[in-house]
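*Asks:* Next come the chains, spelled out residue by residue.
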Amino acid sequence: MRRIATRSFNHIALALVATLAVAGCASKEVPNSAADLGLGAATPGSSQDFTVNVGDRIFFDTDSSVIRADAQQTLAKQAQWLNQYGNYAITVEGHADERGTREYNLALGARRAAATRDFLVARGVAANRIRTISFGKEKPVAICDDISCWSQNRRAVTVLNGAGS
Amino acid sequence: MNGFFRTLMIVGALASGMAALTLPARALVEIDVNKGNIEPLPIALPDFVSTDGVGAEITAIVAADLKRSGLFAPIDKGAFIEKISNPDQAPRFEDWKVINAQALVTGRVSQEADGRLRAEFRLWDTFAGQQLIGEQFFANKANARRIAHIIADSIYERLTGEKGYFDTRVVFIDESGPKNQRKKRLAIMDQDGANVRYLSDGRSIALTPRFSPNRQEITYMSYESGQPQVYLLQIETGQRELVGNFPGMTFAPRFSPDGQKVIMSLLREDGNSNIFAMDLRSRTTTRLTDSSAIDTSPSYSPDGSKVVFTSDRGGRAQIYVMGADGSGQSRISFGDGVYSTPVWSPRGDLIAFTKQSGGQFQIGVMRTDGSGERILSTGFQQEGPTWAPNGRVLMFFREAAGSGGPRLHTIDLTGRNEQAIPTANFASDPAWSPLLE
Chain A
397 MRRIATRSFN
407 HIALALVATL
417 AVAGCASKEV
427 PNSAADLGLG
437 AATPGSSQDF
447 TVNVGDRIFF
457 DTDSSVIRAD
467 AQQTLAKQAQ
477 WLNQYGNYAI
487 TVEGHADERG
497 TREYNLALGA
507 RRAAATRDFL
517 VARGVAANRI
527 RTISFGKEKP
537 VAICDDISCW
547 SQNRRAVTVL
557 NGAGS
Chain B
6 MNGFFRTLMI
16 VGALASGMAA
26 LTLPARALVE
36 IDVNKGNIEP
46 LPIALPDFVS
56 TDGVGAEITA
66 IVAADLKRSG
76 LFAPIDKGAF
86 IEKISNPDQA
96 PRFEDWKVIN
106 AQALVTGRVS
116 QEADGRLRAE
126 FRLWDTFAGQ
136 QLIGEQFFAN
146 KANARRIAHI
156 IADSIYERLT
166 GEKGYFDTRV
176 VFIDESGPKN
186 QRKKRLAIMD
196 QDGANVRYLS
206 DGRSIALTPR
216 FSPNRQEITY
226 MSYESGQPQV
236 YLLQIETGQR
246 ELVGNFPGMT
256 FAPRFSPDGQ
266 KVIMSLLRED
276 GNSNIFAMDL
286 RSRTTTRLTD
296 SSAIDTSPSY
306 SPDGSKVVFT
316 SDRGGRAQIY
326 VMGADGSGQS
336 RISFGDGVYS
346 TPVWSPRGDL
356 IAFTKQSGGQ
366 FQIGVMRTDG
376 SGERILSTGF
386 QQEGPTWAPN
396 GRVLMFFREA
406 AGSGGPRLHT
416 IDLTGRNEQA
426 IPTANFASDP
436 AWSPLLE
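In order, the protein sequence lines correspond to chains A and B. Under our numbering, the first residue of the first sequence carries the number 397, and numbering increases by one thereafter. Under our numbering, the first residue of the second sequence carries the number 6, and numbering increases by one thereafter.
Quick caveat, the hints were computed from the structure, so don't treat them as lab data. Any given hint could be a false lead.
Pair by pair, the computed Cβ-Cβ distance ranges are [unchecked claim]: (1) A:Q476 with B:G182: 46 to 56 Å; (2) B:P218 with A:Q476: 21 to 31 Å; (3) A:D542 with B:S335: 55 to 65 Å; (4) B:R321 with A:A523: 41 to 51 Å; (5) A:T458 with B:T383: 40 to 50 Å; (6) A:S547 with B:T383: 19 to 29 Å; (7) B:P218 with A:V448: 45 to 55 Å; (8) B:E423 with A:S547: 29 to 39 Å; (9) A:D542 with B:Q244: 50 to 60 Å; (10) B:A405 with A:R464: 27 to 37 Å; (11) A:R519 with B:R202: 43 to 53 Å; (12) B:D295 with A:D542: 31 to 41 Å.
Glycine included, every Cβ here is placed at the ideal spot set by N, Cα and C.
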């Protein structure tokens, strides 16, 4: 007689998976003081002053972490400002455009952040004021499918963590 | 929180009540998966007999698995002549041959007194007039889909001579929200997109999950501490732990084939990245690369003796192979383009990769010495192949231009059978599990 093999399962339901409580990735932006909120010129030494009058970001060529000439000018101004307002600690965020694979771009963003940090340190900003982080291609600011957006996303952003920190 | 597992148990042989076949069945019907151009095998899957809809439901899942493999062509039910009402009786083979059903699957699903489902099926070679498989399963009703996948694997294996890959799961990143504020959560689902469950709450970005060979754990990268770092997660309990205590970013993790190590990249102070392996028991770490370059995306060979990885030490990203101790690092990709995300096949014979060339992203495979490169799929933006456990199919993620986000797709090694995996949200970073147990 033809036989039929039998397999049996335990009475075990499919895994329910714990929802994980994880700490959020806190934004490090400091709220502008009331005086800065679009009411005329930025207060010198404020985060708005830094963003508007100095420039908080630089841009890179494709797959490169070389600080370009235009970026050197911005970073020189950043260093001057940070040396004047020495109470700010900063985070340098390195970012990549979407035209690379995820893990490679995490590494590329880290390299851009480090190159930016090294430039600022060379211009006199204390290394212990600077933290770096890479977001790879995970946080684009410009959303489109061509080079006009990709060139804006290849960036390093200097974020002020807060006065007195 | 119990995980799904099954105990394989021979409960006892059941007499089928059919004509005895004394000779070992040598199937006339078979699929040669090594042929370049495979003609899908016509197969008939009449609904499994049941008093409720569950028989038809299981049959539909089996048929969908087989069809998606590209190796089978389930025949439209409207063409069926014989109605299978008693699967214990041999079918009228003539009725199935005349509609060119080279294989026939019959079955029954019933409920035991204790509430469990009992599913029986038989695979027939209609032209030989032989039964090729007869199996039955008992399982909790919630596991009906798994029963279907196991039946599909059984049919696939019997007719192709290779292990199936349907009773498997995929961990991936579920992506929701606008692109510049996208929520990226760990999630897990069946290989066909069913039974999605979330493994993280999305408050911080999670990326690049990978299965442990024991199927119970994943390793992934998360921003939850504020610094991107590699974690381990027990799927069933939700228990998490940081892998190692490194000063900088850790990323691109993968398990060793024995599950005892996690290999990953560690950011150096100078902004470059090197590859380390960490023994999960002894907590010792071993540096495998020490270059002033980006070294990332390491993946072990299935015997654990070698590691393939991405490096831009030669200028732009290319694929390199080294011994598992870091010895003998040598470049293997020499085509026209940039190569990354190498992943060693579970069969050991091929390395899958992402290649950027001519403004396009390609998924391809090469032999482990870099020869025999074949591009399987080309698109505007696609990356991150992961192997089905039988080494025949790759899953990857693709973002079509203007689509707003990525989706999961599979492609087989012929490059001719591409399928979309349905997900509710955008999805990326798939990692295929081994066959479940």
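*Asks:* Taking the earlier hints as the rules, which of them does this structure contradict?
*Replies:* The structure conflicts with hints 1, 2, 3, 4, 5, 9, although it agrees with all the remaining ones.
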